[in-house]
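Number of protein chains: 2
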Amino acid sequence: MAVYTPVDEAQLERFLRQYAIGELVSVKGIAEGVENSNYLLQTTKGGYILTLYEKRVHARDLPFFLGLMQHLAGRGLACPLPVKGRDGQALRRLAGRPAAVIGFLAGVSVMRPRISHCAAVGQALAQLHLAGAEFSLRRVNALSVAGWKKLYASCRRRADTVWDGLQAELDMELREIARRWPKDLPQGVIHADLFPDNVFFRGEQLTGLIDFYFACNDLLAYDIAVCLNAWCFEPDGGFNATKGRALLSAYRKTRPLSVAELAALPLLARGAALRFLLTRLYDWLNQVPGALVRPKDPLEYLHKLRFHRGLSGPEAYGLT
Amino acid sequence: MAVYTPVDEAQLERFLRQYAIGELVSVKGIAEGVENSNYLLQTTKGGYILTLYEKRVHARDLPFFLGLMQHLAGRGLACPLPVKGRDGQALRRLAGRPAAVIGFLAGVSVMRPRISHCAAVGQALAQLHLAGAEFSLRRVNALSVAGWKKLYASCRRRADTVWDGLQAELDMELREIARRWPKDLPQGVIHADLFPDNVFFRGEQLTGLIDFYFACNDLLAYDIAVCLNAWCFEPDGGFNATKGRALLSAYRKTRPLSVAELAALPLLARGAALRFLLTRLYDWLNQVPGALVRPKDPLEYLHKLRFHRGLSGPEAYGLT
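For the record, the sequence lines run as chains A and B.
If you're matching positions, the first sequence starts at 40 in the numbering used here and goes up one per residue.
If you're matching positions, the second sequence starts at 40 in the numbering used here and goes up one per residue.
Extracted from the complex, chain A is given alone in its bound form:
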C-alpha cells in the first residue's frame, strides 16, 4: 500500500507524450494496491491511474491482465480501461518498470459492507464471469491447490510460532481439501481477489471493480467462495447469512448456479479461506524490516476456514 518507484515530472511528461490524454495538471502517488506503484494523474482531459508494475507481478502476465480489463470493459463491465498510446499499445515501460495508464474509476470502497453492497457485488461478479467467457488468453491460477502446497511447504516448520497447533491443523486441511477439490465444475475467468477494497460504490450503486492482478482461469464458484469470505463475515468473526443470501441470490439472478456448484460451496470456501490464510501466514513469517506494508492477521482466515469446515451443506450461507 504505497508508492515504491519514484517518477520525476520530466520523465513523466515525456512518457505521457506517447498518449493522447492531454497535458499533465497534477500527479499524486496513491496508496492503492499492495503490489504496484500507483499514481493518480489529472490531465486537461480527466483522471487516470498510472501503474508501474513491481516485482511481484510477472511481466509475462501483463498482456493477460490488461487484455482482460479491455475485454471486460468492452462488454460493459464497470472496470478500469487501459488507455492505448498513439501507437495502439497499452503496455510500455517507465522508470525501468512495465507501466500502463488506466482510466480513472469514480467511487469509494466500503470498509464495512452492508447487505445492499453484498448484493451488488454478487451481481457484478456474475456479470464478470459471463463477460469473461470469450476472453481468449489464459492464465493458470498460481494460488490454487498446487500453489498452496508450495506456499505451505515454505511456512510449515514455523507455523506453530504463529499459533500453537496451526501446523497439525493445516497439514490435515491441506490434505483433505486437496483430496476433495472439485474438478468438473464450470470454469472461466475469475477475479480471485474481490475484496471490499477492490470494489467501488457511490452510495449503494456499484461503480467499478478494480485490481485484476490475481485474475486467472479457475472454477467460477471458487470466486464466489472468495467473496463469501471477504464480504459476509462480521468484524466479530460471525458469518452474516443475510449478507450471504444477498450475495448469492444476486449472483444467481445473473448466472444460475448448478446443484453441483452449490453443493461444492462449503469446500470451495474452505479452500478460499486456506488460500488467504497461507499468503498471510507467509507474509507474517517473512516480514521485511522497513517494509511499507503491515501484514494482515492470518488467524482471521483460520476462523473462517473452521466455520466452513463445520457446515453440513451450503444452506448456512443463506440459500433460499
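Treat the hints with caution; some may be incorrect.
[Said to hold, decoys possible] Using C-beta positions, here's what the derived DEER-type ranges look like:
no.: 1; chain 1: B; residue 1: TRP202; chain 2: A; residue 2: ARG95; range: 28 to 38 Å
no.: 2; chain 1: A; residue 1: GLN326; chain 2: B; residue 2: TRP202; range: 56 to 66 Å
no.: 3; chain 1: A; residue 1: ARG114; chain 2: B; residue 2: GLU52; range: 24 to 34 Å
Derived from the structure by calculation, the hints contain no laboratory data.
C-beta: ideal position from N, C-alpha, C; glycine also.
Guided by the hints, dock chain B onto chain A, whose structure is given.
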C-alpha cells in the same frame, strides 16, 4: 510519505456533511508530506485534500498553520486554502485526529529544478514574505539555534557512527554558528521548508506553495538560505551559481534585500544546512523498524554546509 490513519467511507461521509463541498465521488490516500495522513478527495464540486494531523504536528500549532494559509491565500499567494465547514470552522476532528479539508492545488513538483523554476521560487518566496507581514499569530521557530543544540545533544554521541569526524566538525560548527547568528535582520513569517516537493508548477509557471507545517516567525533571509540549499545545488554536489542568481534576483525584484541581509547569507545558509543535517542525522540514528519513510542522507547537507563555510562573501551565490 504515507497514509497513517485509515478513515472508513461511512465515517468520511458523515464528516463531509459538515461542509458544503458536495457529494463524495472518490477518495485516495496519497503519499504527500511526511508528517500527516493525506487523502485526495473528489467531490461533485471539485478536488480537495483531507489532512489528518499526526503526532509530529502539535495541535496547538494548527491555528497558526491554517490561519496562515487563509491569510496568505486571501492576499493572492498561490497556496492551499483551508475550507471552512458550515459552522465557520476549518479545524475539526476525524478518526481521533485533528483534521482539515484544504482546497486542491493543481501542478506538479519538479525533482530537478531548472533555472526558470529557481527564479519562480525566488519570486514566490518574496511574495510570501510580504503577504505574511500582517499575519497576527506568532510561532517561534523550534528549529533555530536553540532547537539545533537540543537536537544535536541527542545525536552527538553517535555522530561518528555515521561519518568519522562528524562529531568534532559539528561541535565546531554549532559553536561558531551560534556565536555569529544574526539578531537584527528583518523578521517575519517564513515557510522554513520550501523544498522542490513543496512547490507546484505547470510547465515554467509556479502554481502553488504547499506544506506550511514548519512555518514560523524568523529571519526572512534565513528562508532564502533554506531555498539556496534546496534548489541551487546539483545532484553531483556542485552549487549552481546561475540558479542562485536567478533565485536571488527574482526575490530582490519583489522584496529588496538590505546590505546586512546579503552579507549574512553565507552564515544563514550554513545554519540552514546545519538544520537539515541535524534533523536528517536524528532520523538516520533513530530509524524505526517497519517505518514508512526511508531517512535521507545527512551527509548531503554536510557537503552543502562546507561549501558555505568556505565562502568569503555572498558573491558566490551569483549576485549581480
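Could you tell me whether the CB distance from A:ARG114 to B:GLU52 stays inside 24 to 34 Å?
With Cβ atoms ~31 Å apart, the hint holds.
For the pair A:GLN326 and B:TRP202, does the Cβ-Cβ distance stay inside 56 to 66 Å?
violated (30 Å)
Mind checking the hinted window 28 to 38 Å against the Cβ distance between B:TRP202 and A:ARG95?
For B:TRP202 and A:ARG95 the Cβ distance comes to about 36 Å; the hint holds.
When held up to the earlier numbered hints, the structure conflicts with hint 2 and nothing else.
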